[in-house]
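Student: So the chains spell out like this:
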Amino acid sequence: MADINTIGAQFTEFYYKTFDAGRNQLGALYRPTSMLSFEGAQTLGDAAIVEKLTGLPLDGLVHKISTQDVQPLDGGLLITVTGQLLAGGETNAQFFTQTFHLKPDGGSYYVQNDIFRLVYGL
Amino acid sequence: MQRDRNGRGGSGGRQSGGVTGNETEGLFTSNFSGQSNSGGGGGGGGGGRVHRGASTGRSDRRRGGAGGSGGGRRVGGLRGTSANLPHTRTTGGDLDGDLDMGEKKKSFNPYQRPGRSTRSGPTTQSISTDDDFIIFVSTTGNNIGTDSGLDSFLTRKAGLKLDITNKKPSADNNTVSFKLPNVEQARAVRKLTGIKYRGAKLIIKSTGDQRIMEDSSRSAAPRLSSSASTIDSIRTFIRSRHQNGFLDLENMAADPTLRAASVIPPGGKSSSSQVGAVLMKVASELFPDINTISLASNKLRSMQPISSIAQFFPKLLNLSLKDNNITYMKDLEYISGPKKLTNLRELILLDNPIRDRAIEKNKDDFSYRSDITKMFPSLQVLDQTPVTSSKISFGLGDLVVADKDTAALPVPIKGNFYDSPGTQAMVEEFLSSFFNLYDTNRSALEAMYDSSATFSYVADMTISNLQRLKGLRGDRWENYVDGSRSLSRVKELDERTKRIHVGNTDIVKEGILKLPKTKHQLNDASKVCVDAWQTGGLLPAICIYIMVHGEYEEPNGSRPVVKSFDRSFIIAPAPPNSQASLHGWKCIIISDQLIIRHYNGPKAWEPEADLNASKPVALGPQAGVAQGGATPGAIAPGAAPASAVQGVQPDPQQTPMAGITAEQHAMAQELQRQTGLNYPYAVQCLAAVAWDFAAGVALVNQERANIPADAWQAPRF
Chain X
1 MADINTIGAQ FTEFYYKTFD AGRNQLGALY RPTSMLSFEG AQTLGDAAIV EKLTGLPLDG
61 LVHKISTQDV QPLDGGLLIT VTGQLLAGGE TNAQFFTQTF HLKPDGGSYY VQNDIFRLVY
121 GL
Chain H
1 MQRDRNGRGG SGGRQSGGVT GNETEGLFTS NFSGQSNSGG GGGGGGGGRV HRGASTGRSD
61 RRRGGAGGSG GGRRVGGLRG TSANLPHTRT TGGDLDGDLD MGEKKKSFNP YQRPGRSTRS
121 GPTTQSISTD DDFIIFVSTT GNNIGTDSGL DSFLTRKAGL KLDITNKKPS ADNNTVSFKL
181 PNVEQARAVR KLTGIKYRGA KLIIKSTGDQ RIMEDSSRSA APRLSSSAST IDSIRTFIRS
241 RHQNGFLDLE NMAADPTLRA ASVIPPGGKS SSSQVGAVLM KVASELFPDI NTISLASNKL
301 RSMQPISSIA QFFPKLLNLS LKDNNITYMK DLEYISGPKK LTNLRELILL DNPIRDRAIE
361 KNKDDFSYRS DITKMFPSLQ VLDQTPVTSS KISFGLGDLV VADKDTAALP VPIKGNFYDS
421 PGTQAMVEEF LSSFFNLYDT NRSALEAMYD SSATFSYVAD MTISNLQRLK GLRGDRWENY
481 VDGSRSLSRV KELDERTKRI HVGNTDIVKE GILKLPKTKH QLNDASKVCV DAWQTGGLLP
541 AICIYIMVHG EYEEPNGSRP VVKSFDRSFI IAPAPPNSQA SLHGWKCIII SDQLIIRHYN
601 GPKAWEPEAD LNASKPVALG PQAGVAQGGA TPGAIAPGAA PASAVQGVQP DPQQTPMAGI
661 TAEQHAMAQE LQRQTGLNYP YAVQCLAAVA WDFAAGVALV NQERANIPAD AWQAPRF
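As given, the protein sequences belong to chains X and H, one line each in that order. All letters in the first sequence, in the order written, are residues 1 to 122 by the UniProt record's numbering. All letters in the second sequence, in the order written, are residues 1 to 717 by the UniProt record's numbering.
The shape of chain H in the complex, shown without the other chains (with noise of 0.2 Å):
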């Protein structure tokens, strides 16, 4: 690595030095006779001093010397004709930015300052320049401006810990400017133009912005100045290896036109930072039309020596860096990035340490291809395996501002659960029900709980960070906050048991009615989401245990307000003589945990293409409930006639079907209980399978989802 610093501190000294005609002198060497490293070479001690603080600053510094005698003496090899490569360049606007570096950019003049050596002890960071970078990010509706989790996301999006000084909202508050002290950590925020944060696109820019991402990609390519004969021999090197828009760059150092022309190939000790930039460029002079590259087998540690990759061939479709030393991701963020190798589809990584170590940890290459896969969002083959968008996921992290503004965890939402059609008569029944008599008649409930219910609910006022950016600015509660049982924030005893209503009369008195009235959106199905089930050894008797997520508008007050709510039940057979029976109801509620929230919208229930859960299905007039009626008469048109409301058991008095045994009639009625099928099923399912009874229950089981909805036992209660 510090080989190619060496080339950027060569171009410092360039920029600096007032780089007359005769480039050949003043490329590693003019600037650097006042540094206190100066062994090795002028350039050479520039290297060590960048190095990234991996080695020790010894180390460094020897490294870096010895470094810097070889980097004169190879350079010096490539240089010393006329012919300097800057007038053979193409006139492309950004090959034109980097080649005018040096005058235009005063401001970077790393080795200058006087004053350099107090600041730059052996870890500092590398190139560090006493000017500051000033960057600017902005977004559109955020409030960046004063955003305090900016900063961390910012530093873990980066990669590396950020000096953030000076930091500045604009007027609109759309933009934010702070000031970062080295060009390393700016060129790592610059990159990160384009990221989503907190739904937004970040739009990042920097004073020297140009530099900041061309530096590292560029180090000053076409400054080589080579012989016409070394360019003469790249070229023919390049022609024996292309083919049909395949360019072989494998095995270089073993080349004999490069080896006899004294070139050493990028990965090569002591190689130049500007070979790999030459040979691409020469290549993409040469034949326009490549689009698949190979690199294997040179060794490289870093895509830094051939970074100009991206530049030369934007529209490259293949890479291979097969067996190369390539061991952090850092090493191949040269190449990665907004606008580079965009249309990159296939890239093979395989026999590289980066690959390697991370399936040795992780026993799997999982993250590795997540996180390869990241970094170039288009390949569609990594290391020739095909990558499926489904399967590889991002880390969380990036799940959580990734494209969708809601993103979701990796797992499959399913819609409403319900464990059979029965449950879910009767639990649509149930809610609509419910819900219709408490947004129009809460004292009509009194009936409809227990005389030991329980009854709770929790404001929950929290608001994301997606709701604040919709301009949510937090609704009012001063209508829960009395009542609000949340532990964490009601201490005392006296009023965690005054806040949980036991029995129907104090729950409907001192609960429900207390609370702010309520139009509940249950005929569109989309904003409901239902799990429920029948279990059974709660109580004496089974129960359907309810979980409800929906939506409700408080019709009061100036404006409409609609809440989110969570709503748990459980519900069970209503005894016999009880009011609930006496009403016509056939359940009756034994416990009410009710949940409001700020409005979150369906978005968390919508099931992502699984077939295999239940359609939703509306709670309101469209499921054929009557709604008008306030009267629990009304809620049960064509319900089972009371007389046949039972409990789970199969009835005892089922006539055995005619033509089984009696032992086969009791197994067909074990079958029932154990599964829910009716009667005639069981037996005809028991039949299926010979008689084997736990054939029939896993057949069952295994076919769930097939079996008519008239084969289940009708609802129970």
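The following block holds chain X by itself, in its conformation from the complex (with noise of 0.2 Å):
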């Protein structure tokens, strides 16, 4: 298996640069039984889950990623990330806590949990 960090950084790369170019594009890394917990909110399911992605009203954001660890969790990853979240040009960002869990799924991953809070800057 290839090293788990590589997997996490390159999932945490094409996630956020396939959430700022196009959020309805994230399905298929989600699965009918994956949760998605944004804010508080909870979303069942891939369908669901981009729905409520892409109603976001998050257009033009950025995420600026700060940090990420990885663990290896029952033969998947979990993730948590921190980022900035950035309007254009904008300098008062806003920061992130994003944790997912990815579980294997014949050769690739796919995000089981995905929870999503901002915590400021203050």
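No wet-lab data here; the hints were simulated from the structure. Just so you know, not all the hints are guaranteed correct.
[As the list claims (entries may be wrong)] Under the rule of at most 20 Å between Cα atoms (straight-line distance), these lysine to any residue pairs were calculated in the SDA-like manner:
1) H:Lys527 - X:Ala21
2) H:Lys374 - X:Gly60
3) H:Lys361 - X:Ala21
4) H:Lys491 - X:Gly22
5) H:Lys498 - X:Leu77
6) H:Lys201 - H:Ser148
7) H:Lys363 - X:Gly22
Computed from a predicted model, the values in this text were never measured in an experiment.
Work from the hints to combine the two standalone chains into their complex.
Tutor: Pasting the structure below:
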């Protein structure tokens, strides 16, 4: 198995790039059993998650990753990312923390759980 | 637009030309003899030059020339008698400022400098003057003098490129001054005064301040040298259009009174910039109580011709610009901004390209309405639709510097999330016990981690601007950096492996015991945020995901430091003969990931009046969990006896309820399994939906929030 850190980094890069470019493309990462908790609101299933994500008024925002950490978990990965949400050209970013649980599925991984919270910058 | 600029060209001429008593002569022509662009009369030439560069230089010039001749003709029609408007002016301070402009503001000399032609290509921004404008930006406690982000912020907010030079901070660093090369840039920046930047208001001033701000809005209104008969005609016109505070200036071009007096109203071809100002001024003198004005159907492309509406009717409540040709936000700026139309309650922009194009482009009017309401913050009704402030959010760039210090994303924030009361009880107990031991006796946690559990932490040392603003200079992180597993910093495989701790012994000895001592603030429910839910299918048993956000104090050191943290756990039922079970733990930690940050405060998870959010619950003594006991045995007062601990599956030994069939019994157990209801309630629920299983599931999901706590299965571990 490839190094989980590498997989985690690849995932994180892909996820946020896709998120910032077109959130509707994120559906492939989720499954019907996947769960998203966004600011405490929970969504179940890939279709609902994509709907939720695309409905978020985050257009023009860019994720800037500060840190990421990956742990192995039950054959999958647990990734915790911290970073900042930046509006175009804006310097007052909002901090966030996001945790993903990736599960293996054939040769690839999908997001079983996705937990997002803004923690601001004070 | 260039028509109006002609007016300004005229004013420039007037200022420097030492206009004598005979104003009729000097208005457009006296100072342009030296201009290279002499076509169409001086004024027109100036107009061409000052055109904003939206057209090519050539067409500018051509249009300017044509405009010039038109202007000359028309102005000629308005002047020629002794009744110069300045003499009829009222004595408002603002107005005087405007009227005296020529005498006072020698520095404003846009068309006079001999060397001007060397720098004014066709694309040169309008009315450029070789006098730089010096801008002063001040704020408090923000060290703005050395703030490198200011330039780009101002540029973005001003909406045009700023050629900032000679930037200098003041001694106290609360003010920064810089030069801008032309009035257009200066005005755009000057208009931003009062805007919030990094949480504090900016006060922006400029040399030639009054001129900058008033130049656009009042282009020499009363300088119109008009005949008594023209003024009389305008008075007659205004009287005919006024009724009970409502001034109806719709389709002025068709008005017989104005036509008879050869007055070309604003929006008409070759209309003078001054006509709008005169109309407003006369109207305000005749009917000071006007609160509603309609300028519908006037072919207005910009608010510039009637920008003085903001001057003469500062308390205007309602304005209709329906059915005009307003296309860009810029064109509305002449009547928006600080101290302009601050009482404006209703605005109509229906049937203008600015609205139609935005809707066509975005498929909705959301951003259009956002933009307009941002320009006119007092608006309550836009295009005959109420402005609901909660629905109209500004662009995100503004949100970040909006009024709230901690501006939010426009998504509702919910407080703690638990998928069921059972989870909540379990998680609260777990966290309370965990952090209690973490603060007082970390070694005891060795039993709480699974033998293959993982632990790692990351110190996120990023400081936000707001934190910096509030005086945060960065904590000391030396106790954290050595073990911080930030994968973007730690690249070597060895280090990466070393910094992830696997197994309870390694976790405690090499992981958590090496971290600074802590004192978690869990007693104050508002300072903790928890998302947690049960999930099946991960490991052989079910698990609970927990993500907790909060803060702790490091009591060591000369003075305590408060840090914020995020910590995600995955916990599972403690296996029967595990160390955890023997110590009385009901659950065991599978994974523990910790993020430590600079202090962030708890504002991020303040619920925004979300009634569905679970109430924050303190995890300390107030939650009824023994805190003093550092021994694991103390953590489970009132917990189910160990023998009753079972997995998520319904109890196979459950006796079927009397009076139901075996099939119904199985159905109830399945409902238990899928929803977490306890057996009696599962039966009750299914009975209520006539044993339609799908309907039962739907009912539980729909009514989840209303189902009493005792309907749920007891905590599962």
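Student: Hints first: check each against the structure and report whether it holds.
Tutor: Okay, the hints, checked on the actual structure:
1. H:Lys527 - X:Ala21: Distance ~34 Å between lysine 527 of chain H and alanine 21 of chain X Cα, so the pair is violated.
2. H:Lys374 - X:Gly60: With a Cα-Cα distance of about 18 Å, the restraint between lysine 374 of chain H and glycine 60 of chain X holds, given a limit of 20 Å.
3. H:Lys361 - X:Ala21: Roughly 19 Å separates the two Cα atoms, so the pair holds.
4. H:Lys491 - X:Gly22: 30 Å, violated
5. H:Lys498 - X:Leu77: 17 Å, holds
6. H:Lys201 - H:Ser148: 17 Å, holds
7. H:Lys363 - X:Gly22: 18 Å, holds
The earlier numbered hints that this structure contradicts are 1 and 4.
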